[in-house]
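A.B. asks: Read off the chains here:
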Amino acid sequence: MKYTIKEDPHKNELVQKVIEISGENIFSCYQCGRCSSGCPMAEFMDVLPNQVFMFLQEGDVDTLLKAKTPWICAACFTCTVRCPVGLDLAAVMEAIRELQLRKNYDYIDPYKVEDREELPPIAMVSNFRKFTP
Amino acid sequence: MAMKRIGVFICHCGRNIAGTVDVKRVAEEIGKREDVAFSTTYIFMCSQPGQKLIEDSIKKYNLDGVVVANCSPTLHERTMRNAAARAGLNPYRVEIANIREWAAWPHEDNPEAATRKAIRIINATIEKLKANASLEPIEVPVTRRALVIGGGVAGMQAALDLADSGIETILVEKESSIGGNMFRLSETFPTLDCPQCILTPKMNDVGGHPNIKLYTYSEVEDVEGFMGNFKVKIKKKATFVDWDKCTGCGECLRVCPVHVDSEFDLGMAKRTSIYIANEQAVPLKALIDENSCIRLQFEKKVREGKIKPKKNVKICSKCADVCEPKAIHFQNNEEIVEENVGAIIVATGYEVVPAEAFPELGGKYPDVITALQFERLLAPSGPTAGVPRRPSDGKIPDSIAFLHCVGSRDPQNGVPYCSRICCMYTIKQAMLVKHARPDIAVYDFYIDIRSNGKGYEEFYHRAKEEYGVNFIRGKVSKVYKVGDKYRVQGVDTLTGRIIEVDVDMVVLATAAKGSSTVKELAKKLRIPYDEWGWLKETHLKLKPLETPVGGVFIAGAAQFIKDITDSVSQGSGAAAKAMALLAKPELEKEPLLAKVDQEICAGCGRCKDQCAYDAISIDPVRHVAVVNEALCEGCGACSANCPTTAIQVVNFKKGQIIRAVDILAEVF
Ligand SMILES: Cc1cc2nc3c(=O)[nH]c(=O)nc-3n(C[C@H](O)[C@H](O)[C@H](O)COP(=O)(O)OP(=O)(O)OC[C@H]3O[C@@H](n4cnc5c(N)ncnc54)[C@H](O)[C@@H]3O)c2cc1C
Ligand code: SF4
Ligand code: SF4
Ligand code: SF4
Ligand code: SF4
Numbered sequence: 001m002k003y004t005i006k007e008d009p010h011k012n013e014l015v016q017k018v019i020e021i022s023g024e025n026i027f028s029c030y031q032c033g034r035c036s037s038g039c040p041m042a043e044f045m046d047v048l049p050n051q052v053f054m055f056l057q058e059g060d061v062d063t064l065l066k067a068k069t070p071w072i073c074a075a076c077f078t079c080t081v082r083c084p085v086g087l088d089l090a091a092v093m094e095a096i097r098e099l100q101l102r103k104n105y106d107y108i109d110p111y112k113v114e115d116r117e118e119l120p121p122i123a124m125v126s127n128f129r130k131f132t133p
Numbered sequence: 001m002a003m004k005r006i007g008v009f010i011c012h013c014g015r016n017i018a019g020t021v022d023v024k025r026v027a028e029e030i031g032k033r034e035d036v037a038f039s040t041t042y043i044f045m046c047s048q049p050g051q052k053l054i055e056d057s058i059k060k061y062n063l064d065g066v067v068v069a070n071c072s073p074t075l076h077e078r079t080m081r082n083a084a085a086r087a088g089l090n091p092y093r094v095e096i097a098n099i100r101e102w103a104a105w106p107h108e109d110n111p112e113a114a115t116r117k118a119i120r121i122i123n124a125t126i127e128k129l130k131a132n133a134s135l136e137p138i139e140v141p142v143t144r145r146a147l148v149i150g151g152g153v154a155g156m157q158a159a160l161d162l163a164d165s166g167i168e169t170i171l172v173e174k175e176s177s178i179g180g181n182m183f184r185l186s187e188t189f190p191t192l193d194c195p196q197c198i199l200t201p202k203m204n205d206v207g208g209h210p211n212i213k214l215y216t217y218s219e220v221e222d223v224e225g226f227m228g229n230f231k232v233k234i235k236k237k238a239t240f241v242d243w244d245k246c247t248g249c250g251e252c253l254r255v256c257p258v259h260v261d262s263e264f265d266l267g268m269a270k271r272t273s274i275y276i277a278n279e280q281a282v283p284l285k286a287l288i289d290e291n292s293c294i295r296l297q298f299e300k301k302v303r304e305g306k307i308k309p310k311k312n313v314k315i316c317s318k319c320a321d322v323c324e325p326k327a328i329h330f331q332n333n334e335e336i337v338e339e340n341v342g343a344i345i346v347a348t349g350y351e352v353v354p355a356e357a358f359p360e361l362g363g364k365y366p367d368v369i370t371a372l373q374f375e376r377l378l379a380p381s382g383p384t385a386g387v388p389r390r391p392s393d394g395k396i397p398d399s400i401a402f403l404h405c406v407g408s409r410d411p412q413n414g415v416p417y418c419s420r421i422c423c424m425y426t427i428k429q430a431m432l433v434k435h436a437r438p439d440i441a442v443y444d445f446y447i448d449i450r451s452n453g454k455g456y457e458e459f460y461h462r463a464k465e466e467y468g469v470n471f472i473r474g475k476v477s478k479v480y481k482v483g484d485k486y487r488v489q490g491v492d493t494l495t496g497r498i499i500e501v502d503v504d505m506v507v508l509a510t511a512a513k514g515s516s517t518v519k520e521l522a523k524k525l526r527i528p529y530d531e532w533g534w535l536k537e538t539h540l541k542l543k544p545l546e547t548p549v550g551g552v553f554i555a556g557a558a559q560f561i562k563d564i565t566d567s568v569s570q571g572s573g574a575a576a577k578a579m580a581l582l583a584k585p586e587l588e589k590e591p592l593l594a595k596v597d598q599e600i601c602a603g604c605g606r607c608k609d610q611c612a613y614d615a616i617s618i619d620p621v622r623h624v625a626v627v628n629e630a631l632c633e634g635c636g637a638c639s640a641n642c643p644t645t646a647i648q649v650v651n652f653k654k655g656q657i658i659r660a661v662d663i664l665a666e667v668f
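So the sequence lines, in the order shown, correspond to chains A and B.
Reminder that position 55 of the first sequence reads as 55 in our numbering, one-by-one numbering, no gaps.
Reminder that position 487 of the second sequence reads as 487 in our numbering, one-by-one numbering, no gaps.
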């Protein structure tokens, strides 16, 4: 496992996007680990919440885009409430999800959904929201 | 007159003694002695009621001697002697029998033996006590002057405090200017003050203080004497320039053709052979470096007969030619001066391990430098005017890596301790780089960030949140050259991956050690130091400024690496200690010293040869040994070597010791 830093992570475009979408200065995380130790979903994650911040601080957004963690995050806000430097982790997780989704690509074609008529409208709406922000 | 009415007080020391030794039985046994008028036990003899018990008993039983059986005399001998004195008994009629360290603790598994041993120790002590004489402390006059060694911020603070209190103070600094390492710094954490701005007022105060006598470019050559009365020889090293005439104009520096590495800039810049330490030096005086000056080297070779001077050959004297006040005389003006002082403060500071000591981290490359060198590159008054540039080619780097804990926290390859200031200065330097050139990418490889001071953790968070410094947790193991760049091979222990990054420059936070001159100095002062060159305090918690040698104090980074705040506090602290000593017109000294029976003394001088303190002389007329009470430390080396028992230490006479040993050596 090796990672080569090719440019100043502060200048990495994707990191800047995460900062822009979430509104959080991910560089202020000082790796205390409290987000991870309190997260109810952490045991199911492949990258711990504090590691998400470390990957970001090293400019390695690619690894995060491949990770399951952002999708396992329950957006329960436990981490956000506990972070000693006041980072809104839930917003950062959401930002990573959005980065993955915002590819100008329709993940759901409503016309191809079977039994469209029978599906409750709320299910359709939430599908759109989660997959095509 | 041997004592007949002795009181014996046996301490329980909570359960420390009483848990093993049967103190009641000891008191009963000892009470059977004819010369013991009273014996008892008490839970804590050192407590106030315990001391009161001694006082009351002395009066009630009219005691003429006291034995307290408790812990080591180094802890409570004074307590017990003071208690006796309050009740009107001469304090030298009190002895301590150490039954805690000698009986209770070592024989915890055998209470019976411990009890019998305690009885025996007390019996032996009583025998010794019985021949004790009543003594009065000896008064020695005090020289109301102080010496401070080391003109860094700690030494300057100490000298100023002493001088302000009216004590004439001598400050000896080995470099040609005072200021120490702080004067090399760029800015200071956590306030980002400019050290030159805040230090020059202090330096000028020292330079101009009517009560401070400043010897720069000088070293302590020899120390004699004792607390209150030291005689110090100071060597003023050769400058080849008359400092009374030199105005510090700097004309000579402009014409000198020789250029060598500057000590002040730690090799980050050059200086001429005739040089002034720096532009704000105090005193602002020029001196010639003998080893590089063309003329002095030439003269030396002629002296040694290595070359023969040709006639009419003009050898360099460019500096002297331009010196208007004719200050440069090229004469070796080394000089030894003598000063008498009552107290000494050692504030010789620290040094950092050079980068070359870490070849695996690229220490052999010119662009891999120590943090102290990097301070010079960040200093606005430094050789690059505060803009970081690579020493190899002068290029402004695109990226810099900072490595923490280089040689520190590494008992296998370096020093075992944390060097304490490097986390903070590395963060500071990273911030200053970003401040000067925000485009430079900065990588900070750390194990932990140790930011334990007022405003320190906040400073670290600022670097993270506002300055764009990249922090990576893990110790770097290798730095090597790849093209024009340096490849840093580290690890991120938080994500569990090897991290590699190519940078233009590497700054090593190398371990701090005590000044390299300190061991020799400490030997002259007879004060202890450790293997890393830190001076040892008497007690880390309670006597951090004292040394085992009375009247010698330590301050600042000389004791252990510390930041400016702590160095200044210790400087003031040591000054207060010295003032307390010098405030008295006379010092009281323990009267337990060697005494000569001149009737028996044969004047052979064997005692004189043994005395480490030069306290004995042989009277040339009467041909007997004479002890200088002010110098004698009562060690007893003389008495052990006297063939006639003429010289003996008071209250440790031969008869006393032998009687005590006889009892202790009886078959158990
Ligand atoms: C890279 C770096 C950056 C730092 N940055 C900061 C900072 O930002 N903020 C902060 O608070 N601290 C900082 N420090 C620490 C600071 O330098 C020290 O706290 C301070 O210099 C200690 O002062 P001192 O007087 O005890 O010792 P020193 O400054 O070392 O002074 C000792 C003096 O004694 C002299 N001397 C030595 N031996 C003898 C001898 N035998 N005879 C006569 N004179 C002798 C020396 O020449 C020197 O002038 C930094 C340290 C380093 C290495
Ligand atoms: S709780 Fe906050 S500061 Fe601590 S590791 Fe998580 S994000 Fe970082
Ligand atoms: S030229 Fe003379 S007066 Fe001027 S700095 Fe040099 S030695 Fe001093
Ligand atoms: S202060 Fe920081 S860099 Fe220095 S030795 Fe301690 S932990 Fe390492
Ligand atoms: S006891 Fe004797 S040897 Fe020891 S210091 Fe005194 S005179 Fe010197």
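Just so you know, the hints here were simulated from the structure itself, not pulled from any lab data.
We put the beta carbon where it would ideally sit given N, CA and C, even for glycine.
Hints may contain errors.
Derived pair list, reagent style SDA-like, types lysine to any residue, alpha-carbon separation capped at 20 Å [as the list claims (entries may be wrong)]:
| id | chain 1 | residue 1 | chain 2 | residue 2 |
| --- | --- | --- | --- | --- |
| 1 | A | Lys68 | B | Glu339 |
| 2 | A | Lys6 | B | Glu339 |
| 3 | B | Lys524 | B | Glu339 |
| 4 | A | Lys2 | B | Glu339 |
Selected chain A positions facing chain B (Cβ under 7 Å, derived; list incomplete) [what the hints assert, rightly or not]:
| id | residue |
| --- | --- |
| 5 | Thr4 |
| 6 | Asn12 |
| 7 | Ile19 |
| 8 | Ile21 |
| 9 | Gly23 |
| 10 | Gln31 |
| 11 | Met54 |
| 12 | Ser126 |
A.B. asks: Please go over all the hints and tell whether each is borne out by the structure.
C.D. replies: Now for the hints, and whether the structure bears them out:
1. For the given pair, Lys68(A) sits about 77 Å from Glu339(B) by alpha-carbon distance, which is inconsistent with the 20 Å threshold.
2. Straight-line distance between C-alpha atoms of Lys6(A) and Glu339(B) comes to about 63 Å, which puts the hinted pair past the 20 Å bound.
3. As the CA atoms of Lys524(B) and Glu339(B) are separated by approximately 15 Å, the hinted pair is consistent with the 20 Å bound.
4. Between Lys2(A) and Glu339(B) the alpha-carbon distance is near 64 Å, which puts this suggested pair outside the 20 Å criterion.
5. With its C-beta approaching chain B no nearer than about 5 Å, Thr4(A) sits inside the 7 Å limit, and its interface hint holds.
6. Restraint check, Asn12(A) versus chain B: the minimum CB separation of about 11 Å is more than 7 Å; hint violated.
7. About 12 Å separates the beta-carbon of Ile19(A) from the nearest beta-carbon of chain B, more than 7 Å, and the hint is not met.
8. Because the closest C-beta pair between Ile21(A) and chain B is about 19 Å apart, greater than 7 Å, the hint is violated.
9. Using the Cβ-Cβ criterion of 7 Å, the hint placing Gly23(A) at the interface with chain B is not satisfied: the shortest such distance is roughly 14 Å.
10. Checking Gln31(A) against chain B by beta carbon gives a least distance of about 6 Å; that is within 7 Å, so the hint holds.
11. The beta carbon of Met54(A) is positioned within 7 Å of a beta carbon in chain B (closest approach about 5 Å), and the interface hint is therefore held.
12. At a threshold of 7 Å, the smallest CB-CB gap from Ser126(A) to chain B is about 33 Å, leaving the interface hint violated.
Checked against the numbered hints given earlier, the structure breaks hints 1, 2, 4, 6, 7, 8, 9 and 12 and satisfies all the rest.
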